[in-house]
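*Asks:* Both chains are sitting in their own frames, so use the hints and assemble them into the complex.
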Amino acid sequence: MPTLELHSISKTFTTSAGPVPVLDRLSMQVAAGEFVAVIGPSGSGKTTLFNIIAGLERPDAGAVRIDGVDVTGRRGQVAYMPQRDALLPWLSVIENAVLATVVQGGDVAAARREARALLADFGLQGWGDARPALLSGGMRQRAAFLRTVLWHRPIMLLDEPFGALDALTRAQLQQWLLALWDRLDRTVLLVTHDIDEAIILADRIYVLTPRPARIALELRVELPRPRSYTLVTDPAFARLKRQLQQVLMNGERG
Amino acid sequence: MSEEVSAPIPATPSVGHTRLSWRTGLAEYGPPALLVIGLLLVWEGLVWYWEVPAWLLPAPSQIVTTFVTSLPVLAEHTTATLTVTIPGFALALAAGFGLGVALDASPLLRRAIYPLLVTSQTVPIVAIAPLLVVGFGFGLLPKVLVVALITFFPIVVNTIDGLQGADRDQRRLLEAMGANYWQLLRLLRLRAALPAIFTGIKVAITYSVIGAVLAEWIGASAGLGVYIARSLRAFRTDQVFVAALVTSLLTIALFTLVSLLERWIVFWKGER
Ligand SMILES: Nc1ncnc2c1ncn2[C@@H]1O[C@H](COP(=O)(O)OP(=O)(O)O)[C@@H](O)[C@H]1O
Ligand SMILES: [Mg+2]
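Protein chains in written order, with my numbering: chain A, 1 to 254; chain B, 1 to 272.
Heads up, some of the hints might be wrong.
[Stated by the list, open to error] Residues from chain B that keep clear of chain A, each with C-beta distances beyond 10 angstroms, as calculated:
hint : residue
1    : A59
2    : T79
3    : F136
[Stated by the list, open to error] Computed spacing ranges between beta-carbons, pair by pair:
hint : chain 1 : residue 1 : chain 2 : residue 2 : range
4    : B       : S106      : A       : V20       : 26 to 32 angstroms
5    : B       : L260      : A       : R25       : 35 to 41 angstroms
6    : B       : P130      : A       : A109      : 55 to 61 angstroms
7    : A       : F13       : B       : G139      : 54 to 60 angstroms
8    : B       : A102      : A       : P210      : 15 to 21 angstroms
9    : A       : A109      : B       : A75       : 17 to 23 angstroms
10   : B       : S120      : A       : P19       : 58 to 64 angstroms
11   : A       : S136      : B       : G165      : 23 to 29 angstroms
In short, the hints are calculated from the structure, not lab data.
Nothing here was measured: the structure is a model prediction, and the numbers come from that model.
Beta carbons: idealized from backbone N, C-alpha and C, even for Gly.
Bound conformation, chain B alone (with noise of 0.2 angstroms):
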C-alpha cells in the first residue's frame, strides 16, 4: 500500500468547465465583435452616402432608435411569444423524451415508428401550422403545437441514442449485480443519456422562438410574428429588423440557459 500519496482532496477541486478570465473572454469574442462593428459602421456608412430609402434598408442608427422607442410594444409581443414558445417547448420536451425511452425499450415499436417520425420532419411545417389553425382555433393551443412539432424531433433522436450509448462494461457490471430493466435505466442509462438529451435540447431551443414567431405569424393577435407582419405591411422595415434582434437575442438568451443547466446536470461532463 504504498503507492500514489493519499493526500485529503481539497474542498472542491474544479476541474473541467473552462472558466472564462477576461483575456481568454477577450481573445474568443475579441474579432467577431470587431468584424460585427466593422460590418455596421460600413453599412451606416452606405445607407448614408446612397440615400437609401428606410422601407428598403434602414440605417443601425435607425434601427437602434426604433429599438429603444417601441421597448414597451416589443415588451408585449416578446411576452406573448414566450408563451407560446415556453409551454411548445415543454410539450416537446415531456413528450420527445417520453417517446424516446418508449421507443428504446420496445425494438418492435421503434422499427413502427422511428421511419415514420423521421418523415414528419420532411413534411414542410409552412404547410401543417395553416391546418392545425384550422383545426384548433386561434387560440393558444394551435401555435404551441407548432412549436412542439418543430421542436419535438431532436429530442426523441437524442434521447434514443443517449439511452443506447450507455456504456457496455457499465451495463454488464450492473446486469451482473442483477439489475433489472429498471434499476438499470435509473442508475445508469438515464444518467449516461443526458449529454446527447442535452444536445437535442440545444438544438430544440435554438428552434423553438423561430417556431412560435412562424406560428403568430400564421394565425395570431400578439407576438413578435404579429409585429413582423405589422410592420411589413406598413413598409416598417426598421421594426422587422428590431424583431428579428430580439427573436435573435430571445434564441441566445435561452440556449445559455440550457448551457448553464447542462453544466449544473451533467456535472461529470468533461472531467475525466
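With the rest of the complex left out, here is chain A (with noise of 0.2 angstroms):
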C-alpha cells in the first residue's frame, strides 16, 4: 500500500476572466521511502497540487490518502517545503528551524537541541543564533530544508527548492542533498522544471502536461545508488534525459 496516494484530484480556479482548470483528474502513489520528482511545465499547476496535499486548497474532485486513510484538506499531515523559503525575519535559524514543533505544541526545547546537533551536516554550523537576512541564497534554501525536517513527519514535499539559485549553488546542493538522503529515512515528493535534477535525485519521476495538469508520462530512473553527480555523464543518464525532454516538449506522450 502506497505511503501518499492521489486519487483522481482535479481543480478549477475560478477567476475574473472565468474559469481556470488547473489539475485534471491527476492520480499518483508514492510508496514509504520512495524520492518522486514531478516535472512540469511554469504554471500547470504543480504548487496548486502539493498545496492541496498540503491541506491548504481543497480539490473540487478526489482525495489525498496517507496510509489509507482520507486526509484530503487535513493540515499538518505532511512536512512542506515552499517555493520561497518563507523564513521569519525576526527569529534565528534555530527559531525558524523548530517553527512547526512550537505550532504543533512538541517540545520546543528537544526539537532546539535536534536543531543544533543538525546545524554541521546542514552547512549551517556557526549560524543557528543568526537571523535569515545574513544568510546566502544557499544557505537559507538549507535552513528552510532543517526546518522541512524537523516537521518530524514522515512524508516532505518540496516545492523547487533549488529553483531559484544560481547553477553552480544549485549542483551544490543537489549533491549535497543527495549525500543527506540516504541517512534521513523520509518520503520525498519533490517539484522540480529541470530535468537532471529529478533524474538525479528521483526513483521515479512523473511528468505533467501544461495546464490542466495531467500525468504525460510515468517514469522509473533505473540508476544505482549512492548517486553522485557525476552521473550526468552515464549513456543511461543520456537516455532518460532525452526521453524526458521529448514528452515535456511536445506536452503528450511522446
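*Replies:* As C-alpha cells, then:
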C-alpha cells in the first residue's frame, strides 16, 4: 500500500477572467521511503497540487490518502517546503527550524537541541543564532530544508527547493541532498522543472502536461544508489533525459 | 556540503540601521541648519531696520530672551500639556490597536465600522472639542479624549493594513503546519504588522501635542494652549512664538523617542 496516494484530483480556479482548470483527474502514488519527482512546465499546477496535499486548498474532486486514511483538506499531515523559503526574518535559524514544533505544541527544547545537532550536516555550523538576512541564498534554502526535516513528518513535499539559486549553488545543493538523503529515511515528493535534478535525485518521475495538468509520463529511474553528480555523463542518464525532454516538448506522450 | 565557507558569525553583526558619523551628520543636517540660521539673521535684521513693534513680530533674539526668562512658567505649562498628551495618546494606541485587530478579524465588522471611521475623520475636531468640554466638564477627560480622537485613526488604519499585509508564503507555511487563528496572529501577523503600526504611531505622535494644545485652548487652566491664549490676549506675541517653539520641540522629542523604540522593537527591519 502506498504511503501517499492522490486519487483522481481535479481543481479549477474561478477568476474574474473565467474558470481556470488547473488539475485534471490527477492520480499518483508514492511508496514509503520513495523519492518521487514531479516535472511540469511553469504554471502547470505543481504548486497547486502541493497545496492540496498540504491541506491548504481543497480539490473540487478526488482524495488525498496517507497510509490509506483520507486526509483531504487536513493540514499538518505532511512537511512542506514552499517554493520561496518563507523564513521569518525576526527569528534566528534555530527558531525558524523549530517552528513546526512550536505550532504543534511539541517539546520545543528538544527540537532546539536536535536543530543544533543538525546544523553541521546542513552546512549551517555557527549560524544557528543568526537571522536569515545574514544568510546566502543557498544557506537560506538549507535552513528552510532543516525546518522541513524538523517538522517530523514521514512525508516531505519540496516545491522547487533549488529553483531560485544559481546553477553552481544548485548543483552543490543537489549533491548535498543526495548525500543527506540516505540517512534521512523519509518519503519525498519533489517538484522541479529541472530534468537533471529529477533524474539525479528521484527513484521515479511523473511528467505533467501543461495546464490543466494530467500525467504525461511516469518513469522509473533505474540508476544505482548511492548516486553522485558524475552521473550526468552516464549513457543511461542521457537516455532518460532525452525521453523526458521529448515528452516535455510535446506536452503529451511522445 | 562544499558551498560557502561556514565561518562562525561575529558577535553582533551590524547590518541595516545606518549609524551616523559626524561627517554624514554634517552632510545631512548642515545645509538645513545653515538655511535656518540665515533666515533668522534676515528676520532679526528686518525687524531692527523697520523697527517692527514687538506685538506684531518680535525679533528672534527677543524670542530667545523670553524663552529663557519664562522657562519656569513654560515648564509648568509643558508638564500640564504632557499630562494631556501622554494619556490621550496611550488611549488612542490601546483603542486603535484593539479595534484594528478586531476589524481585521471580522470582515463584517470591518465593512460596518470602517466607513464610519473614515467619516469621523472628516468632522473638524474644533467642532467636537467644545461639545466634549460641555459633556465632560473642564477636567482632564475631555482634553485626553480630544488627543485620542485626533491620534486614533492612523493607528487603526495602519494596524489593519499591517495585519493584512503579512507575507502570503509565510502565512501559508504556518497554516500548513496547522496553525490556528491565534497562533497565526501571535507567531506571524502581529510581528509582520509592527512596521506598519509604527508608521501609524509616528503619524499619531506628530498630531498628539498639537491636539493637546488645541484642547487646552478650548478649555483648561494650565498647559501650552492656555499659555498661548493668555499671551495673545496680552499682545505678548513673543510668548506665542515661544509656545510654538516648545510645541515643536516636544513633538520632535516624542517622535525621536518613538523612532528609537521602533529600531529596538522592529530590529529586523532593513536587515534584508
Ligand atoms: N488562488 C488562485 N486563484 C486563481 N488562479 C490560481 C490560483 N493559484 C494558482 N492559480 C493558477 O493556476 C495555475 C497553476 O499555478 P501553480 O500551481 O502555481 O503552477 P506551477 O507551480 O506549476 O508553476 C497558474 O496559471 C496560476 O495562475
Ligand atoms: Mg510553483
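*Asks:* Now tell me, hint by hint, if it's right for this structure.
*Replies:* Here's how the hints hold up against the structure:
no.: 1; hint: A59; verdict: 52 angstroms, holds
no.: 2; hint: T79; verdict: 37 angstroms, holds
no.: 3; hint: F136; verdict: 42 angstroms, holds
no.: 4; hint: S106(B) with V20(A): 26 to 32 angstroms; verdict: 30 angstroms, holds
no.: 5; hint: L260(B) with R25(A): 35 to 41 angstroms; verdict: 59 angstroms, violated
no.: 6; hint: P130(B) with A109(A): 55 to 61 angstroms; verdict: 60 angstroms, holds
no.: 7; hint: F13(A) with G139(B): 54 to 60 angstroms; verdict: 59 angstroms, holds
no.: 8; hint: A102(B) with P210(A): 15 to 21 angstroms; verdict: 45 angstroms, violated
no.: 9; hint: A109(A) with A75(B): 17 to 23 angstroms; verdict: 52 angstroms, violated
no.: 10; hint: S120(B) with P19(A): 58 to 64 angstroms; verdict: 42 angstroms, violated
no.: 11; hint: S136(A) with G165(B): 23 to 29 angstroms; verdict: 27 angstroms, holds
Hint check: violations occur at hints 5, 8, 9 and 10; the rest are consistent with the structure.
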